[in-house]
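Asker: For reference, the chains in residue letters:
2 protein chains.
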Amino acid sequence: MYPLELQKLIELFKKLPGVGNKTAERYALLVLEMEEAEVEEFAEGLLDAKRKITECEICGNYTNGKHCDICLDAQRDESVICVVSSARDILAIEKLNSFQGRYHVLGGLISTVNNVMPNDLNIDKLLLRLNDEVKELILAFSPTLEGETTALYLSKKVDESVVISHLAQGLPMGGQLEYADEMTLLRSFENRKKV
Amino acid sequence: MYPLELQKLIELFKKLPGVGNKTAERYALLVLEMEEAEVEEFAEGLLDAKRKITECEICGNYTNGKHCDICLDAQRDESVICVVSSARDILAIEKLNSFQGRYHVLGGLISTVNNVMPNDLNIDKLLLRLNDEVKELILAFSPTLEGETTALYLSKKVDESVVISHLAQGLPMGGQLEYADEMTLLRSFENRKKV
Numbered sequence: 001m002y003p004l005e006l007q008k009l010i011e012l013f014k015k016l017p018g019v020g021n022k023t024a025e026r027y028a029l030l031v032l033e034m035e036e037a038e039v040e041e042f043a044e045g046l047l048d049a050k051r052k053i054t055e056c057e058i059c060g061n062y063t064n065g066k067h068c069d070i071c072l073d074a075q076r077d078e079s080v081i082c083v084v085s086s087a088r089d090i091l092a093i094e095k096l097n098s099f100q101g102r103y104h105v106l107g108g109l110i111s112t113v114n115n116v117m118p119n120d121l122n123i124d125k126l127l128l129r130l131n132d133e134v135k136e137l138i139l140a141f142s143p144t145l146e147g148e149t150t151a152l153y154l155s156k157k158v159d160e161s162v163v164i165s166h167l168a169q170g171l172p173m174g175g176q177l178e179y180a181d182e183m184t185l186l187r188s189f190e191n192r193k194k195v
Numbered sequence: 001m002y003p004l005e006l007q008k009l010i011e012l013f014k015k016l017p018g019v020g021n022k023t024a025e026r027y028a029l030l031v032l033e034m035e036e037a038e039v040e041e042f043a044e045g046l047l048d049a050k051r052k053i054t055e056c057e058i059c060g061n062y063t064n065g066k067h068c069d070i071c072l073d074a075q076r077d078e079s080v081i082c083v084v085s086s087a088r089d090i091l092a093i094e095k096l097n098s099f100q101g102r103y104h105v106l107g108g109l110i111s112t113v114n115n116v117m118p119n120d121l122n123i124d125k126l127l128l129r130l131n132d133e134v135k136e137l138i139l140a141f142s143p144t145l146e147g148e149t150t151a152l153y154l155s156k157k158v159d160e161s162v163v164i165s166h167l168a169q170g171l172p173m174g175g176q177l178e179y180a181d182e183m184t185l186l187r188s189f190e191n192r193k194k195v
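Heads up: the sequence lines are chains A and P, in that order.
Numbering (the working numbering) for the first sequence: 1 to 195.
Numbering (the working numbering) for the second sequence: 1 to 195.
Since the hints were made in silico from the structure, they are not lab data.
There could be a bad hint or two in this list.
Since the list can't tell identical chains apart, any single copy or any two copies may satisfy a pair.
Stated by the list, open to error - Using 20 Å as the maximum straight-line C-alpha spacing, the simulated SDA-like pairs for lysine to any residue come out as follows:
id	residue 1	residue 2
1	Lys-15	Glu-25
2	Lys-66	Thr-144
3	Lys-14	Leu-47
4	Lys-125	Asp-159
5	Lys-125	Gly-108
Given the structure is predicted, the values throughout are model-derived calculations rather than measurements.
I would like the entire structure built from these sequences, with the hints used as guidance.
Answerer: Structure, rendered in structure tokens:
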């Protein structure tokens, strides 16, 4: 019912995650209401990001150069590497302003269901980074079957001289105990801490 | 923390209605995961829609030509014009596959709060369309203060030979009576129909 070009733009917006027909329609109609210069900026922004952003050669983080800002930062602690599944997780951790080490992006987690094998992940590069300076690997994976499988695999691959830790599991802050799932509650009992 | 181009793309996505930081981030990261050809298609789609879609010279509906498909369709009834606030409303009504007349887009509703005056709206063109053939104007506005103000204004401007109607107000289908607001319930009493 909409003219062809508008219908096509709606279809394009539907490729974005979680965007259905109604939302795509709202987005497309807003684009029509923008100034032409604004739409040109939008189009250029898409192409620019896609063409200039690549993965850091060392850790796999997003970068517009060869190496990302974190790998280039000489201030950061070389002795701790935080291993994450995707580059997005780095931002979440960086927002805490607490971790001062380095990162390594695996590009996924081992999953037999989705047929993701260790060879599909950025694991070899991680093992090559483990020189004498690296004392600890923090595995910052989501507490899922895939996360635990990947943690187990890495713990067997990595030399015993390197300490491997994973993020604490338990009740989330502000969460209601009565609504916690059984697994979370069980873990929070197992990992209880002295007050 | 993200590279410049990525940060910029996130800012651009935040211009879309209802898109905050988190959602814009998800959209931008998805763009990075798309094929370059796909991103080019997206960028072209934006420009194409913006450059080729204009308003129908007769009714104000979206079109990629001078006149929209509905105005060009000789089968449609010339004697009834459905007046809407925005071109989006046309799609909602067309989906019903029920109304066979023509449309007219006002491009807004009279609003003293937002300083929208009759002169800001596409009203003159509507009055010019009211030749002898037009027998009825259906005012399909949202039942708000602005909708009612605009309806009142039009009813005074339009010659008495033209019937003016507005959409029925009452309980929405599937709605719970106990949750209906007072105004809706009041209207549904006033406009009650014999079973």
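Asker: Please sort Lys-66 with Thr-144 into within, between, both or neither, judging by C-alpha distance up to 20 Å.
Answerer: Neither: 32 Å inside a copy, 56 Å across copies.
Asker: Given identical chains, is Lys-14 near Leu-47, meaning Cα to Cα at most 20 Å, within a copy, between copies, both, or neither?
Answerer: Intra 18 Å, inter 17 Å, cutoff 20 Å: intra and inter.
Asker: Classify it for me, Lys-125 with Gly-108: is the Cα-Cα distance of at most 20 Å met within a copy, between copies, both or neither?
Answerer: within (14 Å within a copy, 58 Å between copies)
Asker: Indicate which option fits the pair Lys-125, Asp-159 if close means a Cα-Cα distance not exceeding 20 Å: within, between, both or neither.
Answerer: within (15 Å within a copy, 79 Å between copies)
Asker: I want to check one pair: Lys-15 and Glu-25. Are their C-alpha atoms no more than 20 Å apart within a copy, between two copies, both, or neither?
Answerer: both (12 Å within a copy, 15 Å between copies)
Of the numbered hints listed earlier, the single one contradicted by the structure is hint 2.
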